[in-house]
Amino acid sequence: MSVLGDWEINGNLFKGTLEIKIQGADGSFGGFLQMKDEPRDTVSGKIEGPGAGPTRVAFTRTRPGAFTQVYIGAAAYGPPLNPTGAREEILAGTFTHNGEGPYPWFATRIKVP
Numbered sequence: 022m023s024v025l026g027d028w029e030i031n032g033n034l035f036k037g038t039l040e041i042k043i044q045g046a047d048g049s050f051g052g053f054l055q056m057k058d059e060p061r062d063t064v065s066g067k068i069e070g071p072g073a074g075p076t077r078v079a080f081t082r083t084r085p086g087a088f089t090q091v092y093i094g095a096a097a098y099g100p101p102l103n104p105t106g107a108r109e110e111i112l113a114g115t116f117t118h119n120g121e122g123p124y125p126w127f128a129t130r131i132k133v134p
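If you use the working numbering, the sequence shown corresponds to residues 22 to 134, in order.
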């Protein structure tokens, strides 16, 4: 499963946008995460597993001098949304903030490059 594109993310009730700009053949990826009214932070991570079923996803968000957040979860397709068979793409799991937590997070794809 490719995670390239833009995702609407909710991290412990804080909403924002996760932008995945690059993804390598090995599943490594990089981009940005910006919660509402906050600076844009870099993210880097990796997606692993089968393309058709739940797939492990992990990434780190860092704001130097302030915090590190580690996100762990799964990437999956939701049920069909309409008769054409289109399915929502979902990321979900938990994250830690400077080692505290875990806190819940989920994201839905809003834009494919």
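Derived from the structure by calculation, the hints contain no laboratory data. Please note that the accuracy of each hint is not assured.
Listed next, the in silico DSS-like pairs over lysine-lysine satisfying Cα-Cα at most 27 angstroms (straight line) [as the list claims (entries may be wrong)]:
1) K57 <-> K132
2) K132 <-> K36
3) K67 <-> K132
4) K57 <-> K36
5) K42 <-> K132
6) K67 <-> K36
7) K57 <-> K42
8) K42 <-> K67
9) K67 <-> K57
What follows is a list of derived Cβ distance ranges for each label pair [what the hints assert, rightly or not]:
10) G51 <-> G86: 26 to 36 angstroms
11) A87 <-> A107: 34 to 44 angstroms
12) P104 <-> A46: 33 to 43 angstroms
Each residue gets a CB set at the ideal place from its N, CA and C atoms; glycine is no exception.
Right, here's what the structure says about each hint:
no., hint, in the structure
1, K57 <-> K132, "holds, 18 angstroms"
2, K132 <-> K36, "holds, 16 angstroms"
3, K67 <-> K132, "holds, 19 angstroms"
4, K57 <-> K36, "holds, 6 angstroms"
5, K42 <-> K132, "holds, 12 angstroms"
6, K67 <-> K36, "holds, 22 angstroms"
7, K57 <-> K42, "holds, 19 angstroms"
8, K42 <-> K67, "holds, 13 angstroms"
9, K67 <-> K57, "holds, 24 angstroms"
10, G51 <-> G86: 26 to 36 angstroms, "violated, 20 angstroms"
11, A87 <-> A107: 34 to 44 angstroms, "holds, 39 angstroms"
12, P104 <-> A46: 33 to 43 angstroms, "holds, 34 angstroms"
In terms of the numbered hints stated before, the structure departs from hint 10 and from no other.
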